[in-house]
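Q: Quick note on UniProt numbering: the sequence shown kicks off at 1 and runs consecutively.
Take the hints with a grain of salt, since some may be wrong.
Stated by the list, open to error - Each pair of labels, with its calculated beta carbon distance range: (1) 475 with 173: 47 to 55 Å; (2) 575 with 75: 22 to 30 Å; (3) 740 with 464: 43 to 51 Å; (4) 427 with 462: 33 to 41 Å; (5) 562 with 301: 48 to 56 Å; (6) 170 with 683: 21 to 29 Å; (7) 410 with 225: 53 to 61 Å; (8) 157 with 665: 47 to 55 Å.
For the record, the hints were derived by calculation from the structure and aren't laboratory data. Note that CB positions come from ideal geometry on N, CA and C, so glycine has one too.
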Amino acid sequence: MGLEGFTPGNIISDDVFFNNRSMTEAEIDAFIRSKVASCTSGYTCLKDFRMSTPTRPADSYCDGYAGAANESAARIIYKASQSCGINPQVLLVMLQKEQGLITHTWPSQWRYDMALGQGCPDDAPCDPQFAGFFYQIYGAARQMNIYTEGYWFTYFAPGYTWQVQYHPNRGCGTGPVYMENAATSALYYYTPYQPNAAALRAGYGEGDSCSSYGNRNFYNYFTDWFGSTQDTSGSGSLRSPNTSSYITTVDSAGDVWAYPVGPGASAARSKLATGVGGATVMMVGDLDGDGTRDALMRNGASVMVMYGSPGGLTNAKPLAVDWSNVVLATAAGDMSGDGVPDVLTTDKAGTLHLWRGDNRGGFLPPIVVGWGWGGMTTLIGNIDMSGDGNLDLVARDSAGRLWVYYGNSRGGWVGSKLIGTGWGNFTSIFSAGDFDGDGWADLLATDTAGNLLHYYGQSWIGLTGPVRVGTGWTSMRSNGGAGPAAGVVRPLQPGTGDMDLDGAVDVTALAGDGSVTLYRGDGAGSWRGTLPLGSGWSAADNLLPMGDFNGDGFRDLGRVTPSGDFYLYPGTADKKLGAPVKIGNGWHTLGLLISGIDFDGDRIPDVLARTSSGELTMYPGNGKGGWKSGAVVIGYGWSGFDAAFNVGDFDGDGRSDLLARTPAGALWLFPTTGSGSWGNARQIGNGWGMFSSLIGPGDFDGNGTVDVLARTPGGDLYLYRGNGAGSWGASNRIGWGWQGFVDLG
């Protein structure tokens, strides 16, 4: 059993705890089956357990979960471990120590309902939201990352000595435990007691009345089943290539490595890619919106995108750009404020360009955001030096001075500041974000001796340090950070979007006199004014928010006339509409026009329309202001709805959804799969027949979830907040006098 090696402050190393590559799904399944030969009649043992699982959105703790029908226990454990970056062996051990499910031959349903004790404190009933095997597994795996981030839970923080109880009975006393790592802290947050001497002497048996066994049994089962809790066998400790913080570098063999940083990280590295040769590599964030971080690989004038995957970088694809004139380049994060990561470059003339991501894996044509940058020798982007929430740019000039240029979140600047001198001798300067976890972005630098130096960022005094945090970096190149975190599939935004480029969602309105007006949202559920967009329309026209239909980076509008002509009004950089372009005719025979939705999953807005026979058809956009092909039938029986609109990602699965209303006022949610088909539709409301207009503006109140705007015949406008999980939050009136508008978008 090996209890002689039990150390209360280091029950398991971070490397082992977060090694989600320790077992495949097949290995997990084989392990579970090896523990139970046969099950008692009338009971379902873990080896035979199956359930249909729900979908869970990605967040900063896990990469999300794609629900499916009839999944095995092994598959649920494997998928949760991969999503949350937790060793599946840890979950298997916890299943045994909590409810004995690994070896149990007659488990009752309640054992599955509280399989890991997640949400089940010692002194209170279990939280109903965690009842069920899936919710226990995914909830516990996610909770471990919440424990180790060091924000909500600090009373067992690593690096300190804590008095830890031996038993829930406080009369049994406490003992000092020096917490050596984040994984051990997480185990104590989960089970806040240490075994006393009697419990340790008893092995798997009972000690005395002051003994507790949870963390002792965790150690026993792990070492008996899987070996040392300290031996990583070179596995590395990177929890997720897409959400973890790390330093990236390329070694002399052309391999791309990630060195984890931040709370719970260790020096163990993970390989992200191989064979990049002499090319430079930089992590840029999720360029194509699939929920994984991507990288740019530059070799002279040519640039390739290395697309992310759950395990690293793969599938390099050339970009149609010519960087022969580019001198410096850096990942910028979402510098323009449109939700898509960008890149900053300088050219030989000293011009600073912003390359905005096009949300499809590439870039829009660059725009000039600065001049006179020819004297700069290093750029460091995707860094918030001031702590104001806007991304900044740090640059070193030829005199070795270090400057910060403060960003305004819209692709521009609000000032600059000298923050250092004498930086000319460093071979590289870069940032991995908040390296030391103190809440401020830091800088790292390598010198000619191969030392890796840490400079502490503090907004009010600039930089302090350095402290040496590594050696042997002489042969490393392309040093940089991990880029903006990913993990969430990024659906196209519905509605008018941010047409005035101020960072907040807007609404367009067509009045009876044919004028089109932009109502500018303030990003908090209200308004900050209006902007005229055009005139000369007809009161019988259909107003359609098209998204970025022509691929130029600006939101467009569509107009369908009573005669069936379809016009595209392109958005422009000056917050106006360009000259209309006719893109179709014969549309007067179609109803329920639904625009701006990416139904087929190519990250290009499409338009859906209902035929006179009730078929719902898709007209796929080509990303250039026209159509890819003819109409495709995607549904039947849509005559039973009198309104339908693109609501965006209403249920939180990373894919766009539709809301449709029956004449009786029932509101239905139609999820899409993101690949040209539908999920399971369900009713989410009644009484919606009272509204004369319904639209999906996107995240109108800025709380991270998409919303619905509803207008009454009397002109009152109501905001119905989505809760991000397919249901509703609070609602309130946000306007009146809107009865004069014939269409909203």
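Q: None of the hints should be skipped; say for each whether it holds.
A: Evaluation of the provided hints:
1. Roughly 54 Å separates the CB atoms of residue 475 and residue 173, a value that falls within the hinted 47 to 55 Å.
2. At roughly 50 Å, the beta carbons of residue 575 and residue 75 sit outside the given window of 22 to 30 Å.
3. Evaluation of the 43 to 51 Å hint for residue 740 and residue 464 yields a failure: the beta carbon distance comes to about 60 Å.
4. Distance hint for residue 427 and residue 462: a CB-CB separation of about 22 Å, inconsistent with the stated range 33 to 41 Å.
5. The given range of 48 to 56 Å is respected by residue 562 and residue 301, whose C-beta atoms sit roughly 51 Å from each other.
6. Taking the beta carbon of each, residue 170 and residue 683 are about 51 Å apart, not inside 21 to 29 Å as hinted.
7. Taking 53 to 61 Å as the suggested C-beta distance range, the pair residue 410 and residue 225 conforms, at roughly 54 Å.
8. The given range of 47 to 55 Å is respected by residue 157 and residue 665, whose C-beta atoms sit roughly 53 Å from each other.
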